[in-house]
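Below are the chains, spelled out letter by letter.
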Amino acid sequence: MYLTNTETIPGKNIVVCYGLVSGNTVRAKHIGRDIAASFKNLVGGELKGYTELLSESRQEAVDRMTAEAEFMGANGIVNVRFATSSVAQGAAELFAYGTAVRVE
Amino acid sequence: MGGLIQLIVFLTLLIVGFVAGRVLERRHFASISERERRTASMLAVPMARVPGAELATDSALVTGSVVVSIDYYKRVVASLRNLVGGNVAAYESLLDRGRREAVLRMKEEALRRGFHGVVCIRMETSRLASARQGGKGIAGVEVLAYGTALRLPAHSPYRQP
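In order, the protein sequence lines correspond to chains A and B. Basically the working numbering = 1-based index in the first sequence + 9. Basically the working numbering = 1-based index in the second sequence + 323.
In short, the hints are calculated from the structure, not lab data. These figures come from a predicted structure and were not determined experimentally. Treat the hints with care, since some could be wrong.
[Said to hold, decoys possible] Below, a list of computed lysine to aspartate or glutamate pairs in the DMTMM-like style, where the Cα atoms sit at most 25 Å apart:
1. A:Lys57 / A:Asp72
2. A:Lys57 / B:Asp419
3. A:Lys57 / B:Glu431
4. A:Lys21 / B:Glu377
One chain only, chain B, in its complex shape (with noise of 0.2 Å):
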């Protein structure tokens, strides 16, 4: 009986996650395009010296980060593809969905802030450990995206309409 109870939460929980995962994720993936869309034109580049922005007259530092977690249903799959090794799709997209996100914020901040461009772009990711599960469990990862925003001169071949 217990078990059986077990067994009904188990698929619950597997299908909850699943659905609202999912829609979740497509939702998320439809604002991130949108919004990459809209800031396409901007000057965001690792690189630390461009060629034609040594012109900028302002500079500051600008970050954005996000956390994120995967659903129940993926983390159960991610947990079976553990021991037949391969492609872990499920944290693919995970990282993916936080990456772009944290690069989106770092220049929707440096727009926000008046900036044109950033330039000398990082990235870093973390783990964040679960309290519970002795500490093995993910909460969730942490992507964090900064770099140094310029504030570009109006004949700059970087700044566009």
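Excised from the complex, chain A in its bound form (with noise of 0.2 Å):
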């Protein structure tokens, strides 16, 4: 599967447009992250935690934006783009869409 977030995919030619694909996940915080980011609001910086989560959700969103595009008989998608957006308390969704296209 190819995966660019231009709108062509370099050395291939795209010759089918399937259309819009998505995936998106929404996590909520561990409890236990929780705690170790409260000790890390103290002193600032990056709460790597928090980070793993956000990337992992975010690779999940990617997966599942990848099945629906197999699914279609696609094998690359392009102009893939990402949204984040808090959604209640502590849950966050990571969302990821593109245009499934087959190339060659």
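Reconstruct the complex from the two isolated chains, following the hints.
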């Protein structure tokens, strides 16, 4: 599966455009990580637990998007975009979307 | 008596936040500058079609993200700033730090996977609400940078030794 956030895939020709594919996850924070983060909040800097949590969740959103594209018969997704929104207290939605295509 | 204890706790947090926050921030900025120098020659641009980079042989989506937060002292200073308005320098440096770190991680991922440059860089910032303080407080700010990594042929002008 070729993934890019440009409109083309370098070195390939897009032959079929299948349409929009997307994937999302909503993740709540882990209580243990929240406690560790509240200590870290005192001195500032990177909250590693959250960084990992969000990148894992984003990967999950990408995997779901990729699965949808595969189901359509695509072998690439172009113009991938990410969006994040705070849904409720302590929960965030990670969303990925793009255009499923077949390339040669 | 209770008020006095509260005041002591507050001042301790303020001092710890100030001293530790400053040291850690300086260290982080030093690491950022050092890694930026190392990756300075790499093609990394927000435009999608870079003249001379059309000959790429392979591509992949690369991302870099970081969640950062400010220290207790800066949070207090920022909330005082809210009363009079103006530049909130505490948050400016926080976001600067986060963005540069996210871009660096993205570039480092590209290099690690054997790519030579990143085009179409997009950046996104979102705030993580704290579960305490009724969701009004900020637990941290997440910065995400992503782009398309390119593998360039040996004769490409963007391939630095």
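Hint check results:
no.	hint	result
1	A:Lys57 / A:Asp72	22 Å, holds
2	A:Lys57 / B:Asp419	18 Å, holds
3	A:Lys57 / B:Glu431	17 Å, holds
4	A:Lys21 / B:Glu377	11 Å, holds
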